[in-house]
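Peer 1: What follows is the residue order along each chain.
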Amino acid sequence: MAVDAEPRIVGFLCNWCSYAGADLAGTSRMAYPPNIRIIRVPCSGRVDPLFVAKCFEQGVDGVLVAGCHPGDCHYVQGNYFARRRFNLMGRFLDYLGIEKERLRLEWVSASEGKRFATAVSDFTQALKKLGPRTNPT
Amino acid sequence: MLNSDLTQQIRDKARELLESKAAECVIGYETGSDGAIARPAFIYSPDGVERLVFDDTCTHNLASYLVNRKGKATAVVLKACDARSLNVLLQEKQVARDKVYAIGVACDGIRQAVWGRPKGELQDRCKACQGHTPPIYDVLIGQPTSPDPPAPSDFSRVAEMEAKTPEERLAFWQRQFARCIRCYACRQICFGCYCQECFVERLDPEWTGIRVAPAQNQMYHIIRAFHLAGRCIACDECQRACPVDIPLSLLNRKLEEETLEMFGHRSGLSAEAQAPMATFRPEELE
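Protein chains in written order, with this note's numbering: chain A, 15 to 151; chain B, 1461 to 1746.
Just chain A, same shape as in the assembly (with noise of 0.2 Å):
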């Protein structure tokens, strides 16, 4: 990991709204650090705590899990569940000595896509700052 020093990111978008976010920020030319990797799915509520535990089992530096502002999912209450979920999973992979910001939860309509650019910049430094992972294999 030490040649690795950028960090891996794998982000999973809601096809509503922060997927339409970050194609906003794709054809708005926004600049952003091309360290994530996106993954789209359905809605934020889709996100099982399984794709995370998967991904950091894998190696990854940061997940990031984006969806609709609270109040304005296409599903009407998916990110509301996702929001509860991975508060807690945060917490418990702090525990665990994965510390909390590696896991991020973010919501981004479908016209931020600004707010998306600035972040994956955000969390891109905060991950440099944390330092690569340890994982174990």
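None of these hints come from the bench; they were simulated from the model. C-beta: ideal position from N, C-alpha, C; glycine also. Don't take each hint at face value.
[Claimed, not checked] Short derived list, chain A residues pointing at chain B, Cβ under 10 Å:
id, residue
1, MET103
2, LEU107
3, GLY111
4, LYS128
5, ARG129
Starting from the known structure of chain A, arrange chain B on it as the hints suggest.
Peer 2: Just chain B now, kept in the frame of chain A:
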């Protein structure tokens, strides 16, 4: 030490239920083959009720056997802590209330056993136990000794763990998980782990490899504990079942503390409450 009073009452109740055909099976405890500690017993006929006992080695959570009874009328002996797991199973619609006859026992605590031999000391969960009266029962055996509802678990060991740095915590858990042989005893013994197909055994998608290695073990333990978030009733049976003594209750206790703090939820106190991961409040959390 056999509690002859409780034992007699359990036997009488079991005989009555089996004779009246109110229950097809009574799940209780009997003396193990070495005579030292109790083991689960399944009694199908009134002749067998003399096998039933209750003493301070009756550690098993018998609610674990209810899901596999598949709707057949069953009576089950439940200590106060075990009765909370019946509440969780009812909440999750895994058992039908009218098919379960709960013989609640107000117990005085269960002793630790090492290598199948009881030791003098009470189990940790019993030392912290504040509620000897089951929250759900059809008949209560023994005298309730303290007020309801039970106090939360003792989180002092969680606090000790949190006081360490992330590096120390990671090192600690890696050391623990490295010992795991992935026998899944912790999962098998748990009343809450009733999935027909567990994520660790799925091949498509293969959530985690069957390889017994630190990364895979860590994944297994993260998810095992997380699936019990807000459901675990702190019976500590997983830790007892662990052949390599991984402090699993430390994981469960952390999630118990967080669900209490974040959502004000305590599992198994009523059959109507909703699991914290299956509900939400729009105004909570920032």
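Peer 1: None of the hints should be skipped; say for each whether it holds.
Peer 2: Hints versus structure:
{"no.": "1", "hint": "MET103", "in the structure": "holds, 7 Å"}
{"no.": "2", "hint": "LEU107", "in the structure": "holds, 7 Å"}
{"no.": "3", "hint": "GLY111", "in the structure": "holds, 3 Å"}
{"no.": "4", "hint": "LYS128", "in the structure": "violated, 21 Å"}
{"no.": "5", "hint": "ARG129", "in the structure": "violated, 16 Å"}
In terms of the numbered hints stated before, the structure departs from hints 4 and 5, listed from lowest to highest.
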